[in-house]
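With chain A's structure known, arrange chain B on it following the hints.
Quick note, the sequences are listed as chains A and B, same order. Read in order, the letters of the first sequence are residues 1 to 329 in our numbering. Read in order, the letters of the second sequence are residues 330 to 658 in our numbering.
These are calculated hints, taken from the structure and not from any lab test. These figures come from a predicted structure and were not determined experimentally. Wrong hints could be hidden among the right ones.
Unchecked claim - Derived pair list, reagent style DSS-like, types lysine-lysine, alpha-carbon separation capped at 27 Å: (1) B:Lys497 <-> A:Lys52; (2) A:Lys257 <-> A:Lys30; (3) A:Lys313 <-> B:Lys642; (4) B:Lys359 <-> B:Lys586; (5) B:Lys497 <-> A:Lys42.
As the list claims (entries may be wrong) - Where chain B lies over chain A, by a calculated footprint (3+ residues, C-beta under 8 Å): (6) 193-202; (7) 245-257.
Unchecked claim - Between beta-carbon pairs, the in silico distance windows are: (8) A:Thr81 <-> B:Tyr332: 34 to 42 Å; (9) B:Asn595 <-> A:Glu50: 31 to 39 Å; (10) B:Glu609 <-> A:Met210: 26 to 34 Å; (11) A:Glu162 <-> B:Tyr332: 39 to 47 Å; (12) B:Ala533 <-> A:Glu162: 52 to 60 Å; (13) B:Glu491 <-> A:Ile321: 47 to 55 Å.
Ideal Cβ placement from N, Cα and C applies to all residues, glycine included.
Protein chains: 2
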Amino acid sequence: MFYAPDPGSKPLSGIGGNVATNAGGMSTVKYGATKDNVLGLKVVLADGREIKVGGRTLKQAFGYNLTQLFVGSEGTLGIVTEITVKLLPIPLGTPIMGVAFFDDMTKLAKAVTAIRISGVYPTMLEALDGNTMVALDHYEHTTYSDNSGAMLIFKIESSTDESMAVLKELLQKYEAQNVELTTDAPRQAALEQLRRDMLPAVFAGQNHIMEDMAMPLSKLAPMMDYIHDVGEQLGLKIYVAGHAGDGNVHPTIVWPKDEAMPEAVNQALRLMFEKTLAWEGTISGEHAVGMLKNQWNNAELGPDVDQLQHQIKALLDPMGILNPKRKIN
Amino acid sequence: MFYAPDPGSKPLSGIGGNVATNAGGMSTVKYGATKDNVLGLKVVLADGREIKVGGRTLKQAFGYNLTQLFVGSEGTLGIVTEITVKLLPIPLGTPIMGVAFFDDMTKLAKAVTAIRISGVYPTMLEALDGNTMVALDHYEHTTYSDNSGAMLIFKIESSTDESMAVLKELLQKYEAQNVELTTDAPRQAALEQLRRDMLPAVFAGQNHIMEDMAMPLSKLAPMMDYIHDVGEQLGLKIYVAGHAGDGNVHPTIVWPKDEAMPEAVNQALRLMFEKTLAWEGTISGEHAVGMLKNQWNNAELGPDVDQLQHQIKALLDPMGILNPKRKIN
Numbered sequence: 001m002f003y004a005p006d007p008g009s010k011p012l013s014g015i016g017g018n019v020a021t022n023a024g025g026m027s028t029v030k031y032g033a034t035k036d037n038v039l040g041l042k043v044v045l046a047d048g049r050e051i052k053v054g055g056r057t058l059k060q061a062f063g064y065n066l067t068q069l070f071v072g073s074e075g076t077l078g079i080v081t082e083i084t085v086k087l088l089p090i091p092l093g094t095p096i097m098g099v100a101f102f103d104d105m106t107k108l109a110k111a112v113t114a115i116r117i118s119g120v121y122p123t124m125l126e127a128l129d130g131n132t133m134v135a136l137d138h139y140e141h142t143t144y145s146d147n148s149g150a151m152l153i154f155k156i157e158s159s160t161d162e163s164m165a166v167l168k169e170l171l172q173k174y175e176a177q178n179v180e181l182t183t184d185a186p187r188q189a190a191l192e193q194l195r196r197d198m199l200p201a202v203f204a205g206q207n208h209i210m211e212d213m214a215m216p217l218s219k220l221a222p223m224m225d226y227i228h229d230v231g232e233q234l235g236l237k238i239y240v241a242g243h244a245g246d247g248n249v250h251p252t253i254v255w256p257k258d259e260a261m262p263e264a265v266n267q268a269l270r271l272m273f274e275k276t277l278a279w280e281g282t283i284s285g286e287h288a289v290g291m292l293k294n295q296w297n298n299a300e301l302g303p304d305v306d307q308l309q310h311q312i313k314a315l316l317d318p319m320g321i322l323n324p325k326r327k328i329n
Numbered sequence: 330m331f332y333a334p335d336p337g338s339k340p341l342s343g344i345g346g347n348v349a350t351n352a353g354g355m356s357t358v359k360y361g362a363t364k365d366n367v368l369g370l371k372v373v374l375a376d377g378r379e380i381k382v383g384g385r386t387l388k389q390a391f392g393y394n395l396t397q398l399f400v401g402s403e404g405t406l407g408i409v410t411e412i413t414v415k416l417l418p419i420p421l422g423t424p425i426m427g428v429a430f431f432d433d434m435t436k437l438a439k440a441v442t443a444i445r446i447s448g449v450y451p452t453m454l455e456a457l458d459g460n461t462m463v464a465l466d467h468y469e470h471t472t473y474s475d476n477s478g479a480m481l482i483f484k485i486e487s488s489t490d491e492s493m494a495v496l497k498e499l500l501q502k503y504e505a506q507n508v509e510l511t512t513d514a515p516r517q518a519a520l521e522q523l524r525r526d527m528l529p530a531v532f533a534g535q536n537h538i539m540e541d542m543a544m545p546l547s548k549l550a551p552m553m554d555y556i557h558d559v560g561e562q563l564g565l566k567i568y569v570a571g572h573a574g575d576g577n578v579h580p581t582i583v584w585p586k587d588e589a590m591p592e593a594v595n596q597a598l599r600l601m602f603e604k605t606l607a608w609e610g611t612i613s614g615e616h617a618v619g620m621l622k623n624q625w626n627n628a629e630l631g632p633d634v635d636q637l638q639h640q641i642k643a644l645l646d647p648m649g650i651l652n653p654k655r656k657i658n
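Isolated chain A (complex conformation):
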């Protein structure tokens, strides 16, 4: 049995933080985020009482779902002291990982959308754009970016002849190049590490801000175009990578180490956020809200839901002592 969520920040992140933020990750495309894998919690309330919500069963229809109220609440409603997670059986079959290259992120996004709605059920569908590939090549001493503009790293845990045939057909249809498929465990680990090295490669020696939008899958390809246009218009280099299979990408804007953040960065963020919301996406797919994004609550949730969130916060933390100024304030 195994615990399915696999956050990109695995080396740094613990289960408590995963629950606080409702962390996503590499395998969310098949197994869901933290919220989909937590069954029960013990929580110390602001008044010191410890309560138990949810439980150990897969089904439960008693009471209101307070477990999911606490998952992702960023420590603002109570302090989680015990977590009961769902464990899944290790899938049968041979895991296959692969890498494929595309002319650009728009073409990649179309391929990802097609794979995602096919019966292939990949566990991982991770995308890296041209800028990210250049950074990665520099960091890893590889040459992936020489001939292509976007890279897809994918995994299918229980591959069959049929699922591989469908996958290959879709990759061909959407003009993937230099497709590599491997069942070799060390090579699979190397491909995963390549994805994990993406962040240090991009961040190396630069200031950065990394975003976290998720949109309906039908808007993934248009969003790739839009982000590209925003970068061009504002003269910014935007790196785009992330969990393409979830419609969840992390545009990252960098600027020189010793300089203040250019005003154009704020403009770019605002444009990307507004477009995401206009397309019925979210501006926090898996990184939660914290202190940086809580001024966007109203734009994302609307004033009535924002008010209701404050009422729930006031009910559970009337003195405002739990992780103040985060999440909704």
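Structure of chain B alone, referenced to chain A:
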């Protein structure tokens, strides 16, 4: 693409009721209950405002999870007017259904537990005990109950040679008899119908009360023994059937059409409920609380959580106008 949940009451139940109760069903063992398949809701609050919670994306880490607060709230926190559900790709491969027989429900439960934690990932694992089989034989003019005491109906949507080998090995290990496996669509439909006919077969011409416990899978086999003992002790005929793969069973107690409910029925329910809670199960796996079970809130949830539920109810429905006397009151 398809909407995965498949409630046993499909011919009667609509999506609104499914969301209100967080309905489970036949395919929950693989795909989860309603809550796992709802992404967003529009809800009219008690004061007339319409709010939108959740959204269209698979990942979302903004705000508190109010979507899951409304799913399963039985109309007591707001009136759901629009539902956005997750659709899944239709799995590749050949669906295989099957039926297997066991000496008794305890042996069946052990086999189910082993299959459930293997890598086979069945979509359906439904159990019927000896009493239910007798009723079904009477209703269907079949003879399933002649030589066995428990019946398992199962489905694997994307079978492979490996998953079939594992399944057969486990069925053999746990002494399944007369195993039938079929890829024939009409026969598969007949097996599903057999499961669906279970309720009219048991209810036919009798008064009945059907329960809905779910326990951790490790307690499924002991629970089968316990329910059998309760029936013996109190001189009651208890029919046990349900979603064994979820640890969710529906013990049904019957008494003659024109008679009042014997006091022993209440005793049996109380004993079964108390044992379920002692074993960290829930006394409502998928049928929700309604008016009959709300006096058990305190026993299942504990006084602190019960109080918190009332506070949330009071916050969202201060005048108590939404579906009064259900769920928590």
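### Task
Starting from the hint list further up, note which numbers the structure goes against and sort them upward.
1, 2, 4, 5, 6, 10, 11 and 12
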